[in-house]
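Peer 1: Sequence:
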Amino acid sequence: MNKIILICLSLFLWSETVFSQTESEPAVDSIFRSVVLIRNEGFNTENKTQPWMKKNLYTGFGSGLVLPNQTILTNAHVVRDAKRILVKSSFTKKEYLADVKFIGYDCDLALLQVNDPDFSEQTTSLSLLEGIPNLGSDVLLLGFPNGNDSLSVEKGSILRFEKNRYTYSGLDYRNVLKISANIQPGNSGGPAVQNGKVVGLVFQISTLEQGIAYLISNDIIRHFLEDINDGKYDGFPNLGFTFQNGNPKSLKQAMKVPASETGIFVNRIYPSSTFSKVLKEKDFVTAVDGISISNDGELTSSNKKEFIIDWIEDKQLNSKVTISFYRAGKQNQAEVNLQKNYALELYRDGTEDYFLQAGFVFQPITRSFFHSEDGDLDSSLQYHYSYFIQDLLYRYTTRDIVLSYTFNDPETSKYKKYKYKVVESINGRVPKDLSEFKTLWKENKRGMIVLKFRGMDLPIVLRPESIYQMNQRVKKRYGANYEEL
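FYI, the numbering for the sequence shown is -20 to -1, 1 to 465, going by mature numbering (1 follows the signal peptide of the UniProt record, and there is no 0).
Any given hint could turn out to be false.
[Unchecked claim] With beta-carbon atoms standing in for the labels, derived distance ranges:
#1 R457 / S359: 38 to 46 Å
#2 D214 / R457: 41 to 49 Å
#3 Y376 / E110: 45 to 53 Å
[As the list claims (entries may be wrong)] Pairs of lysine to aspartate or glutamate residues, derived as EDC-like cross-links and limited to a Cα-Cα distance of at most 16 Å, are as follows:
#4 K236 / E261
#5 K425 / D389
#6 K456 / D389
#7 K399 / D358
Please keep in mind that the hints were generated in silico from the structure rather than gathered at the bench. Even glycine gets a Cβ: it sits at the ideal position worked out from N, Cα and C.
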């Protein structure tokens, strides 16, 4: 049996253990031993939009749920950018080194691996509750608030099962359990337990309602754990198109759709998404995998109603799905593999990649700009970020580039108004991304560099001798190294 098969078999057996249900409720001591404190040591910059700044050491805290095979489930935000992770139980002073084995930024979950065999002697694991806990029922929330060494147990109550925004990514709306509980920083990644079974993982606190927190529900946890069975994390599939309801009879008639059919009209299809090669705008989708779609986009199977968006996201990436639809009066059917909406990766990316030349810093537009302390962002920058997909701006560039920073220098001081402006062209050519921008700059390094920006009538024009002089001054005064070309 080769190594890959052994790894997959091990993961399969491990997930079976997590999902299995035991008849008897575990002892209190066992429940307490299923939770560990997580210390995350890493480095960050003072400002994500100024990544050349010197990095600072920081220590973050969180909690984690022990799973079989010396693994720990926690939140992705607890271990992000970790250089060193230490975990410990409240029953021992010993700290164990852990590594991030899998991380899912789109569901705020991560799996850690501890290699020290002594770890399993100090800890136990719990199974996940099947289904959803009853509304109004009590849960125990276990964790290490504020990074304290002693385990804390907080009582909470299940208020609602709903779909909500996962604040870590800021993009993903997934199932959560809304609870009333006094949750503190450091509780993130800790389990909510009911009758000895895990009902969810603490991951965020409401900023609008006092004493309200949210759990990642078990269906999301199961999706994550099943995803990694093949040895890698893929993520959640996405519908990849917008739609409107299929109620208007006149619209059906105009599109040559039988009046008796129910379904949804396709509005816009995102590039490189699940159905981008088979569907077109104005198609009328009637069913997926033979399950009829209502005019409001709902599917009914096994007495369960579910919106098509949720039905798709419940499945694993690359699962095969058959879609039925009408186009120009003709009924069609196509089989596809479920994919991510890759256009959304623009909004997930917080890259620190940059290009420094002539006292100017150029970066791709990312979410980092909108989380920085500098609130004076240009409206054009906000538009190009917020509507890059909706207004089909991706037809022109893969990623817009912005002049993010200007070092104080006699030559650059007159260009302060260009800060946060989007690059339109360099020497008359439109760069598709930062890599191509660097290439175009390099090709013209012995001549004039002409930079045009959206919203600015006059370009920035740089002479080669001025570029060299500015690079030297910036390096000497600020310690910021320009990129050698």
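Peer 1: State for each hint whether it applies.
Peer 2: Hint-by-hint comparison with the structure:
no., hint, in the structure
1, R457 / S359: 38 to 46 Å, "32 Å, violated"
2, D214 / R457: 41 to 49 Å, "47 Å, holds"
3, Y376 / E110: 45 to 53 Å, "50 Å, holds"
4, K236 / E261, "14 Å, holds"
5, K425 / D389, "20 Å, violated"
6, K456 / D389, "12 Å, holds"
7, K399 / D358, "8 Å, holds"
The structure is inconsistent with the numbered hints 1, 5, although it conforms to all the rest.
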